[in-house]
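Residue numbers (the numbering used here), protein chains in the order written: chain H, 1 to 510; chain Y, 1 to 327; chain X, 1 to 329; chain A, 1 to 378.
If you're looking for bench data, these hints aren't it; they were derived computationally from the structure.
It is possible that part of the hints are untrue.
[Said to hold, decoys possible] Coverage of chain A stretches by chain X, computed from C-beta distances (three or more under 8 Å per stretch; other residues unrestricted):
#, stretch
1, 33 to 43
2, 67 to 76
3, 149 to 160
4, 248 to 260
5, 268 to 275
6, 297 to 305
The beta-carbon is built from N, C-alpha and C at its ideal position, and this holds for glycine as well.
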Amino acid sequence: MSIDAIALEMRDITKSFPGVRALEAVSFDCAHGEVHAICGENGAGKSTLIKVLGGIYQPDAGSILIEGKPAAFSHPVEARRAGISIIHQELSLLPHRTVAENIYLGLEPTRGGRLDRKAMMEGARRLLGRLGSPISADARAGDLAIAEQQTVEIAKALALDARILVMDEPTAALDDTNAKRLLDLVARLRSEGVAIVYVSHRMPEIAAIADRVTIMKDGRKVETAPIGAMPTDRIVRLMVGRELSDYYPARPDTPPGDVLLEIAGGGNAELADIDLSVRAGEIVGIAGLEGSGKAALARAIFGDQPFTRGTVRFLGAPIDLRHPRAGIEAGIGFLSDDRKREGCLLQQSLRDNLLLVRRAFASPVRGSRAGTLADGEADTMMRRLDVRAAHFGQAIGALSGGNQQKVILGRWLARDPRLLVFCEPTRGIDVAAKAAIYQLMRDVAARGRGVVMVSSDLPEVIGVSDRILVMHQGRIAGECSPEVGEEGVMALAVGHRPAPLDVAREGALA
Amino acid sequence: MTLADTLPASRRTRRSLPVPLLLFLASAVLYVGAALYTGQLNQLGASGLVGLAQRMVGLGIVALGQTFVILAGSIDLSVANLISVSAVLASFVMQGDPAMIAPAVLLVLVVSAAVGFVNGGVVAKLGVNPLIATLGVGLILQGLLSASFNNFAGSVPEAFQGLAYGTIGIIPWSVLALLALAIIGALLLRSTRFGAHLYATGGNMDGARLAGIRTDRITILAHVICSLMAGLTGLYLASRLRSGAPWVGRDGVYDLESIAVVVIGGTLLSGGRGGVWGTLAGVLLFATLDAVFNMLGVPAFPKQVMRGAIVILAVAAYAIRNKGPVA
Amino acid sequence: MSVAAAGEPKWNGGMSLFRKINIAVIVFVILYAGIAILQPNYLEPAGITNFLRRATPLAVLACGQIFVLVAGGFDLSMGALVTLTVIGGSMLTDNDPGNTAWAILVLYAIGLGVGLVNGLVVTVLRVPSIIATLGMLLSLNGVAMMWSGGSPRGYLPDNFRFFGRFTFRDVPLVGSFPVAVVVLVVVALAAWWGLQKTVFGKRVFAIGDNPRAAALSGVRVEATRIAAFVISALAAVTGGILLGGFGGVSVDVGSGLELQAIAACVIGGVQLMGGRGSVIGAVAGALTLFALFTLLNLLGLPQPLKDTAQGVILISAVASGAWRRRRAG
Amino acid sequence: MRRLLLGVVAAAATLAFAGVASAQNFDDPKEFDAAKQLLEMKPEGPAGKPWEQHLGGKEVDTAKYKKPGPYHICFSNAGVNNPWRVVGWTDMQAQVDMLKGDIASFTHADAEGKDDKQISDINAFVSSGKCDILIVSPNTTAALTPAVEAACKALPVVVFDRGVLTECPVTFVNPIGGYGWGIQTANFIAEKLPKGGKVLALRILPGVDVLETRWSAANRIFKEKGIEVVGAEFTDGDNAKTKAIVEDYINRFGKIDAIWMDAGATAVAAIEAFEDAGQPYPIITGEDQEDFLVKWKKEGLTAFGPTYPTYQWRSPVIAAVKILKGEPVIGPTWKLPQPVITQETLDKYVDEKMPPLHYAMCGCEDMPGYPEKWGGKK
C-alpha cells in the first residue's frame, strides 16, 4: 500500500481544563490512504485530541495543518469544511428525527432551495446499504437500538464524503458481524485514499487494520510506530505504563461469605432468565458487549429498571426492588456509568455530593448536618479517599473524572451498603485513579460487602473480578473464572459458546 | 441530552399522537355541540365559521412565530410588548395617510427583526436564559413605548384596514394570510435546511454543533422570525383596531397565550419536536373555547377557571406519557 | 492540579471578599445611596425601616419562589394567590376581628392546597411547571373573582392588617419599627435555614441540579418538588396577608408579582433551571428591585421607564452572572 | 450587534419625542366649557331616577325598530375587570330582571378587556341572528368603531360608558364625564384649601381618556386659581404603591394639605398613609366607593365624592326595550346627570353593610335582590 501525501498534521497540541492538563505537546499525523490507530487508556487524551481536531475544543497551543496548510477551527463547521468527518463516541442523534434526517444533518441536499427529501432518503438507504444495515431510513432515531444508532452515526460521517475520517471507538457497540463489515469498509475507504484516524480498544482490530499506531498516556504521546513494530503486548504495556500484575489489587485468600443477593429467573424487557447470586466479600464481574444487557442487569439489581419477572432475595429474604429507593433501603448501592448525567450534582460542593445518599434518608427538617455526617467527618472521608481538590467546598463539576468518581463512591461508602453495584467504574478516569478505585472496591469487599462490577473494559473485568458472568443478548451466556482470559470472556460475549437457544430481547424491537 | 434520556427503559416504540388532528376534532365537537345545544344553528353557517376563523388570526400569527423559538429550545416573552410597539408604530407612522402604508410596514418589520436579533443575540451570545432575556427585552420595549405614547397613536388609512376587514368572497384576507403564513412556516420547517437545523438545535444542541450547524445563528434566526410574526400581528391589530395603542399586546396576553397554544399543540417546551399545524390546532381550540363560552353564556369568572384547567389538562394529556424528569 | 486541600481557602486579599458578596447586595447599596442623596430621611432609622416595610412583601415572595427556582421550576401562580389571599381574607373575616385567626388558618390551608396541586400537576401529570402554574394563575384569578362575585365583600379587620400595617412606636434606637419588618426577618431566616441549613434544602438543590442523580441516590424527587411548590404557595399567602394589611382590600394586588419575585431571585444570583441560589441573594434582589422602583419614583422619571430600567437590570444581572461563570470555567 | 442595539435605542428615543408631540388632545377647552354647561343644567325626567333622566338632548324616533315582544337582547361587554364594572354589571342584570316581561333572553359576551375579542364577539352576535338589539360597552373607543358600524347595519345598537366614533347607534348613554369630574373636584379643593396649601394629585394610569380629561380639567382650574400642585403621580390603582408615594411626599414636603384623585379606588390607602405617618388628615376628593365613604364619615374628613355613576348600566337596558317597542328615546347622545356626594348627602350613601368596593351611586337600592346581589347584607 502506498502512503502518499500527508493529509493531516497536528503539532505540539496542548490543552488544559480547570484542574486537568488533558493534552501536552501532542503531535500526530496521518497520510492519505493510511489507517492510523490511536491507542490509550480512558483519560489518556484521545478524545480530547479528536475534539481539538474536530473544532469542538480550541487548543491552548500548537497548530493543525490540513494538506500542509495551517488551519484553525473555532467551530465544528469549519473542521467539516476542511474535509474532516468525525464519528464521536458520544451519540449525537436527534431522537425525534428520522434516520435520513440525522444522516444528512448539516449536509441536507437541496433542490431549488427546498430540501430534497427524496435524495436524502435514497442517499441514506445507499449509505446504510454500504454498511450492510437493514435500518429503515425513515425510522425515528429514538426508536433504534444503541447499535443501530451507532450505525447511523457512521453513516452520518460517511455522508460527508470526507478526506479525513476520524472514528472514535466505532465498533464499541457493534457485534462481530457488524464490526467485521465496518472493518471491510474502512479498508475500502483507505484504498480510496481517505486518511483514517482510528481509535479503538480492540487490539485484534488494530492489528488487522492499522498501518501505524500511536500510543497515548496521561495526555502525552508515548510512541508512534508502524504496526509491524508493535505487537499487541507491547501496545498494552505502553498504554498501561507498567506490568498489568501490579495494576490490580491482589485477590484475598479467604473464601467468600454468605449469599447476599440471589436472583432466580429474573427478566424484564431487556433481560431474560437471569440466575445470579452474589456473596459477601466477593467481586462479581459482569462482562458483555454493548447492548448485551449488562447495564440493564445492573439497573435491575438496583431497582432503577426493575425486574418484571422472577424472584429476588436479599440477605435471605424476598425483596421487591421496584425503585432505587427500595434498593438503597435494603442495602444496595449503585454507581452509574454516566457520571455526568446520573452521578454528579455538578454545581454542588464536594461535601454536598458526598452526603447526598445520607441526606436522602435523613430527617428533612433537622439541620443539614444532623443525621448525616459532620463537615469534618465528610472531609476526613474525602481525605481517606484521596480526593484531590482545591477545597472540599468546591463545586464537583470542576474536578477530574477520577476525583468525581471517588466522591461518588464516597457517597455510597458513607451509607455503607451491603451490596455495591458499579457500572463502568473507571470510564474516563486516569490510570492512577483507576488503581485507587480498584483498591477501594477490593477494600469494600474485604469488609464483607458484596460487589458487582459491570464493565466493558475486559482487562479490568479480568483483573479485578473474583468470577465473571458474561452477558449476551439479554441473558447470562455463561460464568467463568478470570483465568480464562480475554479470549475466553469474549467468546462468551459474542455468543460463540453454544448459547441458550436463539432468544430475542423481548419487547426490544416491538 | 442524549438519546438515553429520551428513550424509555423498555424501548417500546411510541408513535407520537396526532395532536393537531385530535385538537381539531375536539374543537369541532365542542363547537358543533355548543351550537346545537343552544340552538344557534347560524353559528354553523358560513358567517359563524368565518367569525370563528377570524378569532384565530391575532393569536395565530404570533403563535406561529413562538413555535419557531420553542422548537429551537428558546422561548419569547417579549412578543406581547413587541405587538404593541409595532401596532403603535404602524398607526403612528401612517397617520391615516395611504402613502405611508409601505414605509410604515417596512419600518415595523425592520424594528421587529432588530428586536428579534437582540433577543436571539442575548440568548445565544450572552448566554442569558431565554425567559429572562426576552422578559427583559419586553420590559425595555414596553417602557420605551409607554413613555412615548399613552393612547391610541395616529390611525391607519382606510386602505390598510382592508388587511383585517377585507374579504375574498366571504373569507377574510386575514384568515387567508394566517393560513398562508402557516403553510410557509410548515414549508420552512419541513422543506428547508434551516428547518432541519432548527429541529437539530432544539433537539440536541451539542449534537447539532458537532454536525457543523451554527446553532447560535439558528437561534437568532428563530428569534428574528418570531419577532417578525409578532410585528405582523401588530400590523393586523392596528388594521383591525384602526389604530395602535401601547396596551394592545399586553391586554391580549399574547405572550403567555402564544406559549400555551404552542405547547398544547404538541411542541415540546424543551424544543426539537413539534410543528405549526399543532400550534394552529391549539389556536383553534382557544378560539373555539371563546366562541363556545359565548354561546353557552358562561360568566367571565368561571370561564377563567375553566380555561386555566383546560390549559393544564390539554398539556397533561400527552405530557403524562413523558418519562423524563419534569421541573 | 493542586494537592489535597485542608479546607476552605483563607482570606487572600480583598478580591475574594468582593467575590463572596452577592452582587445584588452591592447594587442595592449603590441604589440606596442614590435614594438617600435624593431624600436624606431614608437614612434615618425610621426611613430605613419604612423602606424595608414596603419591600417586605416582595422579599417574602422571593423567599418562597427561590425554593421552586432552585428545584428547577417556576411558580407563576404566586401573584394570583396573593390576590386570592387578599380577597379571600376579606370574604372570610367579613369585617369581624374575631374571625381573623381562623381566616388566616383557612388562607394557609388554601395555599397548601394550591401548592399541592401545582406540585402534583408537575410531578404526576408531568406538565412543565411554567405551563402548570400558568394554568393555576388563570384559574386562581377566576376563583378569586367567583368567590367574591368580582369585588371583595368585606373589609380586612385591623387585627388582620396588623402584620402589614402596624408599627411599634418609641422603640429605642430606631424609633419606630414596623411589624412587617419583623415578618421579613422571620421569613428570611426561616427560608435561609430551610434552604441552606437543612437536609430538605440540600435535597432541593440536588433535584434542581440533577434530578436523575438525586433519584438514583434515593432522594424522593417528587415529594421534594411538591414541597417546594407548597413552600412557594405558603410564602404567597404570607405576602398576601402583608399586602392586604399594608394597603387594604383591592382586586388586583397580586398581578405581576410572580414575575417580580422571579426577577428578584434572578438579580440575586438564583439560577433558572435550578441548582444554584441563596436566600440572601433573593432578599437582596428584592430589595434591589424595590430600591430601583423607589429611586426612579424619586427621580421623577416617566413611570414607564421603570419597566425599561427593570429590563436592563434583569438582563445585565444574568448576563454578568453567565459571564463570570464562563470566566471561572 | 452593539451597533444595532444603539440603533434601536436611538429610534425609540426619536419616537419618544415624536410621541409626546402626538399625544391625543385630552385638554379641549370646548369640551371643558360644554361640561361646565352640562353641570349647570337641571336634569329632565322622572325625579329620583337619575338613570332615566337626561341633560338636554333630543328624542329620536324609533318607530322603525318596533317589534312584538318579548325581546332577545344581546350585550357585548368590554369586561368585568374592575369593581366599578362589576357593580354596573350587577345593576344591568337586575334591570333585566325588572323588565322580565319584555325580555325573553339576555345574552352577553365578555371580552376580558381585549379589543380584538370584542370585535369578534360583536360579529358573532350579528351573525347569530338571535339578537333583536345589541348593547355595547366598548373596550376602547376607536378600535370598536368598525365593529359597531357593521352591527348598526344589521340591528339597532345602544352604546354606553365609553363611546364610539360613529353616530350610527340609536343612542349613546353616558354621564357628563371626565371634564365634569375635574371641574367638580378641583372647585371643591379650591374652596377648602388654605392659602399656600399643597396639593398632591394621585392618578391611576396615563392614557385612559376618561381619566386624562378628569386631570386636565382639574389642572386647568388649579392653574386658574393659583393652587400649587406639588406632584402628580401614577399609582396603578395599587394600594401599597399609593401609600408609598404619599408617604414619600409627606416626608419630602413635611405636610400635604390636599389629595386630589382621578379615581377613588385607592383613596383609603392614601388616607392611611397620613394616619401611619402621624399626620393630620388632608382635604381629599375620592369617589363614591363605600370604603372611602365609611372612612370619611368615621374620621370626619373634609372630603368630596365625585361619581361616575354605575347606574348608567341600567339606562341602556331601559332604552333597548323602549326602542324595540318603538317608543322614543333620548339620542343620539344621552347625557345622564353626574351627582356628587358631599358632607350634606354623605349619610344617604354611607352604608356599612355594603362591601367596601361597592359604588354607592348605583341607583340600585330599589332593585330586586338588593343588597345581597351587590354583596351587601340586609
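So, going through the hints one by one against the coordinates:
no.	hint	verdict
1	33 to 43	violated (count 0)
2	67 to 76	violated (count 0)
3	149 to 160	violated (count 0)
4	248 to 260	holds (count 3)
5	268 to 275	holds (count 3)
6	297 to 305	violated (count 0)
Hint compliance for this structure: hints 1, 2, 3, 6 are not met, and every other hint is.
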